[in-house]
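Asker: Chains as they are written, first to last, in this note's numbering: chain F, 1 to 517; chain V, 1 to 119.
Quick caveat, the hints were computed from the structure, so don't treat them as lab data. Here a beta-carbon is modelled for each residue, glycine too, at the ideal position from N, C-alpha and C. Possibly wrong hints are sitting among the right ones.
Straight line, CA to CA, 27 angstroms or less: simulated BS3-like cross-link-like pairs of lysine-lysine [to be verified]: (1) F/K321 with F/K448; (2) F/K418 with V/K19; (3) F/K448 with V/K19.
Facing chain V, according to a computed beta carbon distance under 7 angstroms, are these residues of chain F, among others [said to hold, decoys possible]: (4) Y41; (5) I46; (6) E412; (7) H457; (8) Q461; (9) F465.
Cβ-to-Cβ under 7 angstroms is the rule here; a few derived chain F residues that face chain V [to be verified]: (10) E42; (11) C339; (12) T340; (13) P398; (14) M399; (15) L409; (16) I419; (17) C420; (18) E447; (19) K448; (20) Q451; (21) F476.
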Amino acid sequence: MDMQVAKKKLGLKEKYQVMTRDLDWTPTYQKMEDIYPYVHYEGIKIHDWDRWEDPFRLTMDAYWKYQAEKEKKLYAIIDAYAQNNGHLNVTDARYINTVKLFLTGVSPLEYMAHRGFAHVGRAFPGLGPRVACLMQSLDEMRHLQTQVHAISNYNKYYNGFHDFRQWYDRVWYLSVPKSFFDDAITAGPFEFMVAIGFSFEYVLTNLLFVPFVSGAAYNGDMGTMAYGFSAQSDEARHMTLGLEVIKFILEQDPDNLPIVQRWIDKWTWRGYRVLTLVAMMMDYMLPKRTMSWKEAWEIYFEENGGALFRDLSRYGIRMPKCAETIALEKDHLSHQAWCTFYNYTAATAFHTWIPTEDEMQWLSAKYPESFDKYYRPRWDFWREQAAKGNRFYNTTLPMLCQTCQVPMLFTEPGDPTKICYRETDYEGMKYHFCSDHCKEIFEHEPEKYVQAWLPVHQIYQGNCFPEGTDPTAEGFDPLKAVLQWYNIVHGRDNLDFEGSEDQRNFAAWRAQATRNV
Amino acid sequence: MAVAAIREYSFAPLDLEEKFHGNRLLYVGWDDHLMFCAPLAFPLPPTMPFRDLVEKVLPPAYSYHPDFARIDWAAVQWFKSGQPWQPQWDESLEQNGLRHKDVIRFRTPGLTGLQGSCS
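The shape of chain V in the complex, shown without the other chains (with noise of 0.2 angstroms):
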């Protein structure tokens, strides 16, 4: 459907990739940890390798939590938007197919949160 206006409406989205002074945005869920209230939005260069996210990004943004520690990276999970995915590590968050505003969620087998709450 197209807005009811009473002439032409056309405006620029105010989040294109431009204006991020050279990063995309990429959100990211930890599935059955709720502690943390909303999937995180991280705004990285598109360089950067999946490993660097994992191994630099997500721990100071999720470590308070006692199940970060416990994590099997090898075991988790991955989806993008929804979907299962099998992120390469050595590879660019690019070259993975991860574009600006992508979604992607991480499952850790075994790890539901505080006693099990999915907190």
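One chain only, chain F, in its complex shape (with noise of 0.2 angstroms):
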């Protein structure tokens, strides 16, 4: 009788080495060169790919399994979530313009992070960070279809939901998060991955995810709360891959500081930029707030991020040398970022509100160098105004910055009564900027950011009507004609809360879900 010779089992490191780095092999017939052409150009040097660490040693077979875990929990909240109706039980309907927001300045950028970290994993020659880059790749996929699918329920019951993905591409205040993106996608792999592996990913995903997530925890929005928690098993992973990646190119050469330090620098400030909507979304938006954008500055960056670039000074790396200017502008970045919006609302696919007067106590308190002195005037000028049927409407397109395409909204550093403006010519046309630092970003690669897509020079060139429109045509009108060509209903998408339909449906179903109306 033969015996059965039991089949023998691969032990973890084993099965690492066999799953991952055994499945590469050097070309023969092709040149390195040629199968890696992007590997060069950026002045990187790498002497040594296989001196690459993975830090949590996952191969494919064991990823699909975790993920196919999360999924089936998450999918099993989300649909319980949307049969109960649960939307319903969210603190207030403004609220739901937070999720708008999301959905709509976030999401899409998943995407792009899904794409990008495709096209770096495919760049770089060594296995370790392209198994990486791939499962991350695949992460950012699964976010967004997560995101879509929680947040599709919405869409069934209320107003901005119905175009993100073109709203992305077209509508002005999201060009901030998409001209952050393709500027990062656009770089070289390396860039790409300081930029978003590290100083996103690692540096600023606290500032976006925590308040984004525990907003909804506070304000009662469970299908929110369940795609956030489930994509932060993911997040660990990818902040640990961040660094991995700074540590890795910074051991292989000392030539690589300079180069990796300006990234740094770049990088954390194009992010700040972007996080701009979340600060004005947690000072203003939440209904019930978490804590301010100045105290979630302050903990997650000037604490945690502190503590980060002192480990790194052994690297030879400093702080991002915007935390300075960052600092100053933190009293009051939320308060300049919501005014712009209740400024230009017409043409915005969520809506805005002026804060009730318990809100404006609780800005006082947390801000109580800025918030009397320079904003609760404005706001009690426009609530009066508004009551005498006169809300204030900003009529004409505002001045953006070239580089990070937000309004020029911000104030010289150290004085919030002065905007800033920065300008440099090139090449015989002038180029405007809101700050030092997205002047020097400009400067550093003028022939990349001349190409930016600025919304409001779009629509004055006329490319930002529906086909067909004639804009010489007699009673033209513009912002309708631009509405139309976003795809957002003037009156129903965009416009004041007060008087919304979202605020009027909400209002009368939880009635009927509460009492025998």
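Using the hints, build the complex out of the two chains.
Answerer: The following block contains the structure:
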């Protein structure tokens, strides 16, 4: 009788070796530089890709298993939330506007991150980072899908959810996150990894996800909470990858240090400018607040980030130089941003409102140095005027920063009464910036940023009207035409929350669910 | 510095003057009145008299503010690219030396926004 020989099972370490590193080979009939054409031109020198340490030692088969488990749990919660009309349990229908902001401003970035990591994974000759990038690329696609699925439930009941994909390409304020990510994916593979893998995923991610997810928790939005938590376990892996990349690059060659430092300076600033939207969300849009933007910045950047950069100083890396400017802005950022959306609410795909007296007291307490002195007079005046039927709309389009594409709403560092103007001449044309940092980013690569698709300029060039529009026709209404081109319905998706269809429907449905009406 | 690229990298700027159908972009900021959250962008014909800018273009943009009606235009201080500047009201924007994408600001002495808050 033959003995059955038990198949030898691979140990974890062997399995990792066999299923990742051993998959690689050295090409013989193609040149390395033809297969990996993007790996040298940024000036980063890598001598030994095998020195890459995988922080997780995860193989693809285990990856699928873990992710499938997470999905099962997530969709069970999302289904329960939808079936029980969970949307009627949020604190206040104003809250739903933060979900609109997330879907339109953040979810498309997940998709771009999916593309970006797929691209750089292909570009790296080292197998370790390639496998890590492959997994992150799949994670990012999963994040987009789970967000779209979870949020699609809101689209059944509320306005401002129906065309997030097109809005990302067209709507003025969404050009801010879009240009941020387009800048990153059109950079080389190493810059992308420092930009997204490190500066965004490691340094700034807690300022993006924690406010939205804890905001959802505080405001009774189980759906958003569920996809947030599901993504969080992936984020831990992404953060570790981001840090590993920095250390790996810096350990490979001393010439890499100044390049990496410049990227960290650039991308911390670029990311921070995108977070302007988060700042106003935290301070103005959440009915039940978690903490102020200023407090979040102090905890997640100044304390945690400070420790990180002290740790990295052994590689010669210092704190991003924009940190000083940001510290001067933290008392003002959210107020200036929400005022801007109040100015231009006619062209937004979510509603705006004037903070209530209670909320203004909260803002005074959180911002004792700035709110009463600089911002309360604006809100008081606007409220008074709105009560008289004279609601303020800014009817002229704003000047934009060439680099971050945010309207020039930021004030001089240290003087909140003066707009910060910066400009430079390049090949016979003037370019304008909101800050020294945006100016410096432009001046380092002007050839790139002269191509910026600035929404205001595109409207004035006539590129943002539906096909066949005649802007010279009598009675032509440019705002109406632009909204049509955006696919934002005037009077339904935009303008004040007060009096909106969302407000009426929420109140009526909640009454049906809780009373005998 | 030049952009790092794998081959020649040269593209036309998106905002050349000829793309604006005969207009030029002019940016205008009103100091100490941040109720208007940012400076404004106007596409204007270079032949427009400066007086028309002040008397026809600015009022619909700024007259919502109670300070606007109180402006003493003779006392207004003008700045171009941050430098003190004296426009000639009856000359055109072009004759006043305003090129595509120039930025001008005006300061209205004595008027510093709602309750002096620069709003």
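Asker: Now tell me, hint by hint, if it's right for this structure.
Answerer: Against the structure, the hints come out as follows:
no., hint, verdict
1, F/K321 with F/K448, "holds, 22 angstroms"
2, F/K418 with V/K19, "violated, 31 angstroms"
3, F/K448 with V/K19, "holds, 19 angstroms"
4, Y41, "holds, 5 angstroms"
5, I46, "violated, 16 angstroms"
6, E412, "violated, 11 angstroms"
7, H457, "holds, 5 angstroms"
8, Q461, "holds, 5 angstroms"
9, F465, "violated, 13 angstroms"
10, E42, "holds, 5 angstroms"
11, C339, "holds, 5 angstroms"
12, T340, "holds, 4 angstroms"
13, P398, "holds, 4 angstroms"
14, M399, "holds, 4 angstroms"
15, L409, "holds, 5 angstroms"
16, I419, "holds, 6 angstroms"
17, C420, "violated, 11 angstroms"
18, E447, "holds, 5 angstroms"
19, K448, "holds, 5 angstroms"
20, Q451, "holds, 5 angstroms"
21, F476, "violated, 13 angstroms"
Hint compliance for this structure: hints 2, 5, 6, 9, 17 and 21 are not met, and every other hint is.
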